[in-house]
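Engineer: Chains A, B and C are the protein sequences, given in the same order.
So the working numbering is basically just the index in the first sequence, starting at one, shifted up by 1.
So the working numbering is basically just the index in the second sequence, starting at one, shifted up by 42.
So the working numbering is basically just the index in the third sequence, starting at one, shifted up by 1.
Simulated from the structure, these hints should not be mistaken for laboratory data.
Where is the CB? At the ideal position from N, CA and C, for every residue including glycine.
No false leads were slipped in.
Looking from chain B toward chain C, a few residues come up when the C-beta cut is under 8 Å (computed):
| no. | residue |
| --- | --- |
| 1 | L160 |
| 2 | A162 |
| 3 | G163 |
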Amino acid sequence: MNPVNYLYLAALLFTIGATGVLIRRNAIVVFMCVELMLNACNLAFVVFSRMHGNLDGQIIAFFTMVVAAAEVVVGLAIIVSLFRTRHSASVDDASLMKL
Amino acid sequence: MSALQLAAYTTSTGEAFQFWVLGTFAVIGALCTVLMRKAVHSALCLAGTMIILAVFYLANGAYFLGIVQIVVYTGAIMMLFLFVVMLVGVTAADSLKETIKGQRWLALACGVGFGVLLFAGIGNAALTEFAGTGRANANGNVEGLAALIFTKYVFAFEVTGALLITAAVGAMVLTHRERTERARTQREMAEQRIREGRHIPPLPAPGVYARHNAVDVAGLLPDGTPSELTVNKTLRERGQIRDVSAEALNDLRALEQRAAERLERTAIEPATFKRPEEASK
Amino acid sequence: MDNLIALLIAAPLLGAAVLLVGGRRLDAVGHWIGTLLSTTSFVLGLVLFAGLLGKDAENRTLTQHLWTWIPVGGFQADVTFRLDQLSMTFVLLITGVGSLIHLYSVGYMEHDERRRRFFGYLNLFLAAMLLLVLADNYLLLYVGWEGVGLASYLLIGFWQHKPSAATAAKKAFLVNRVGDMGLSIAIMLMFTTFGSFAFGPVLSHTGDTSEGRLTAIGLMLLLAACGKSAQVPLQSWLGDAMEGPTPVSALIHAATMVTAGVYLIVRSGAIFNAAPDAQLAVTVVGAVTLIFGAIVGCAKDDIKKALAGSTMSQIGYMVLAAGLGPIGYVFAIMHLVTHGFFKAGLFLGAGSVMHGMNDEVDMRKYGALRTYMPITFVTFGLGYLAIIGFPFLSGFYSKDAIIEAAFAKGGTQGWILGGVALLGAAITAFYMTRVMLMTFFGEKRWQPDAQGHEPHPHESPKTMTIPMIVLAVGSVFAGFFFHLGDRFLHWLEPVTGHSEGDSPIGATTITGATLVCLVVGVGIAWARYGRKPVPVVAPRGSLLTRAARRDLLQDDFNHVVLVRGGEHLTRSLVYVDHTLVDGVVNGTAAGVGGLSGRLRRVQNGFARSYAVSMFGGAALLVAATLLMRAV
Chain A
2 MNPVNYLYLA
12 ALLFTIGATG
22 VLIRRNAIVV
32 FMCVELMLNA
42 CNLAFVVFSR
52 MHGNLDGQII
62 AFFTMVVAAA
72 EVVVGLAIIV
82 SLFRTRHSAS
92 VDDASLMKL
Chain B
43 MSALQLAAYT
53 TSTGEAFQFW
63 VLGTFAVIGA
73 LCTVLMRKAV
83 HSALCLAGTM
93 IILAVFYLAN
103 GAYFLGIVQI
113 VVYTGAIMML
123 FLFVVMLVGV
133 TAADSLKETI
143 KGQRWLALAC
153 GVGFGVLLFA
163 GIGNAALTEF
173 AGTGRANANG
183 NVEGLAALIF
193 TKYVFAFEVT
203 GALLITAAVG
213 AMVLTHRERT
223 ERARTQREMA
233 EQRIREGRHI
243 PPLPAPGVYA
253 RHNAVDVAGL
263 LPDGTPSELT
273 VNKTLRERGQ
283 IRDVSAEALN
293 DLRALEQRAA
303 ERLERTAIEP
313 ATFKRPEEAS
323 K
Chain C
2 MDNLIALLIA
12 APLLGAAVLL
22 VGGRRLDAVG
32 HWIGTLLSTT
42 SFVLGLVLFA
52 GLLGKDAENR
62 TLTQHLWTWI
72 PVGGFQADVT
82 FRLDQLSMTF
92 VLLITGVGSL
102 IHLYSVGYME
112 HDERRRRFFG
122 YLNLFLAAML
132 LLVLADNYLL
142 LYVGWEGVGL
152 ASYLLIGFWQ
162 HKPSAATAAK
172 KAFLVNRVGD
182 MGLSIAIMLM
192 FTTFGSFAFG
202 PVLSHTGDTS
212 EGRLTAIGLM
222 LLLAACGKSA
232 QVPLQSWLGD
242 AMEGPTPVSA
252 LIHAATMVTA
262 GVYLIVRSGA
272 IFNAAPDAQL
282 AVTVVGAVTL
292 IFGAIVGCAK
302 DDIKKALAGS
312 TMSQIGYMVL
322 AAGLGPIGYV
332 FAIMHLVTHG
342 FFKAGLFLGA
352 GSVMHGMNDE
362 VDMRKYGALR
372 TYMPITFVTF
382 GLGYLAIIGF
392 PFLSGFYSKD
402 AIIEAAFAKG
412 GTQGWILGGV
422 ALLGAAITAF
432 YMTRVMLMTF
442 FGEKRWQPDA
452 QGHEPHPHES
462 PKTMTIPMIV
472 LAVGSVFAGF
482 FFHLGDRFLH
492 WLEPVTGHSE
502 GDSPIGATTI
512 TGATLVCLVV
522 GVGIAWARYG
532 RKPVPVVAPR
542 GSLLTRAARR
552 DLLQDDFNHV
562 VLVRGGEHLT
572 RSLVYVDHTL
582 VDGVVNGTAA
592 GVGGLSGRLR
602 RVQNGFARSY
612 AVSMFGGAAL
622 LVAATLLMRA
632 V
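Go ahead and model the full structure; you've got the sequences and the hints to work with.
Structural biologist: See below:
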């Protein structure tokens, strides 16, 4: 098997995640889909690292994880405060662009 | 041509087997993440996919990342998700009905188009030569990463640290609510209740039903009507009040069924079953 | 002597100003002031005429430059008068007949409380008409042309309390506007072609100009002439113009103004000579109108409308002659002058009859008037004999000359035109005899009117009969006087030029044929109206008679073709405006509005919609990248 198949898998997961972001209304699930997309990218980075024979790809994946963690923290905080005011976690409820 | 280099071009049969099996599950998990109606199920499926991805990291020679993926991602971040899901309501199921006209078709079209393009791009790229991570990992994967992080990527690393701290502070700022007045004591609350005169006695207790945890069952008022006031406010807002009005009939039906089986009365006269008031006469 | 020319115009203009501005305090003497100033003009004309006669035939053109009117670069318009033999003829006709009619009006309008104003308008008309014939360039002529149109409008509608008179005035004005458009276009064409519109430069450079342009100018001038002279197809206003007071009909709508078209064509003879197509059009218009007017004249029971049809027909003769070119110019003017005498006389006679008959105009209610108003009968009868071309009277010479000239045109055209002219002579004899018989012969047919007043026919006062007598004398002798030694021909030839056509048949034969036509026409009329009593109520009549009573459906034609057509055109233009123009404007607005509505829907506030756009954009970027690499 050619390791390039990992890349196809990463592309597939990324696409599924992106479609999920567009389809789901629950903000938490949307975040999960974003996480899925980030993970797909990480997989691609790791495979690239193997392809080039150095560790830079893994470093980038590492940073991605850190950024993803930061993003999740802030994002979930936003969801919680939204839920507090609206009693709903639906992203469509925020369509008036104000609290 | 060493065996190491050869391994870079193709993978071992074991790895190929692992890829196809786990890869299938990863895709299924991703699809379930998107399609599950309950957020908690989505979270569990995503956790599964992430663990599989961790295995793939390990297979690709990224040992440190594989472990971090399990410990930090699946263990910490996903648990954070679960906490929030709990907060919002574990059992709350989303409606999968689309409300924005054409959104679903547009999303699917874009997704399919994007996927096709990505595949085409990967297929077109000359990705036949794989150097393999053998030489890079010669001194150990963690040591290699550490050497890079603290030399070449040290500034990025420091900035990322700053980002993390900012995120932590931001999360606290977002969720923190400044209390602008002193918390009221029980005495003050009781006095207010008397002043307003709406509910002078304590709220009524929820209904009691022997076979269930009965907190989510509305209690009956003296006139026999169920009162939503008896259910906890959180449950009420989530719409998780259970209706038990049909329980007794269902139980009776199950009892009849079992009795009929026991007595080997194959044909039950529906009239007697359906009109118990006549039968009792 | 040159300086007297302006005074010709100034006298009646002064009269008009004094009478119209002077107000009521001039009511008592206003009519005499008007008559005096008109006569002054006539006397001045006689003085100038005497002066012209004292000169050689070649030097009889006088000019008077008053001031430069519009000096704008190459566009130079002068107020200059030109008095030559042609203008002189018109001046004498206008002022002479005009003065007589002023005098007549003193009696005719005696009981009209607005008589002063009437004389003011008459003087205004004289001034405008003199300006028209004395102008040395077409622009100044246009001023006079419009001036007579204005005076005509004011005088037709003089009895404005009658709705029919007001309508007739408007009709005349509107139809005349069509002709005026022709004249203004002709003047513009002249300016672009010759760089001037003075008679001198325009008429002397026709040789070195393309025939197409000259034809265009000629046709436009013909349109103008049609409007003013009531020629087909702009003839419809003349019959209705008889709503005006009878002196007006006599002066303006018979003797002078309606002949302005003939003057214009003869004056522009050089242009028509160089444009045979335009000339042919002129003859055709003349021939058609000749027959048209004659047929209408046969059917009318209203004495003034019958005479109006006759006027139209006689002017048709003149236009026909003017269209023949140098063969006919002199005879056109000669017929114009003799016609001025006898037609003015006839109208004044008709006015006299009406005066005595309580303003009754229906000839079927006349009859046997010869004994009641003998002077009117005699003068009218002389005018009648003159118009039908009774031998040795005015009409005989002038009409005969035109018929000869028509035959002299040569070829098939000559035969056709000559035949039409002969036919016209026969019909003229018929309808004029009819008028004569119905009015003055037979039994009296008048009845008491609604209030029980029986008319008492009586002879008119002297102020009315004297002009009639003078005009009758003119009707009898003018033709003979002009004809004797070809005086008129020699007088006008230096201006209009003259050439003898080669007639296929001899002059004597034509004269004989004309006389035969005359006898036939009179005979038929006698058989129908003289021998049998005339019914008081008009019989139903043949199809042609009924059509002729409706002016040969001219108004119906105008209504269907012009009014309806105009309405349809307007409606379609409105439709085009609503659908196309407004459609484009509103469509643009609606398009922008609709587009904005659609675009607004994109901004729905749903984060997921925005995400779709971003995702789609990202997909496009990837596609673009791949495509760039593939290329």
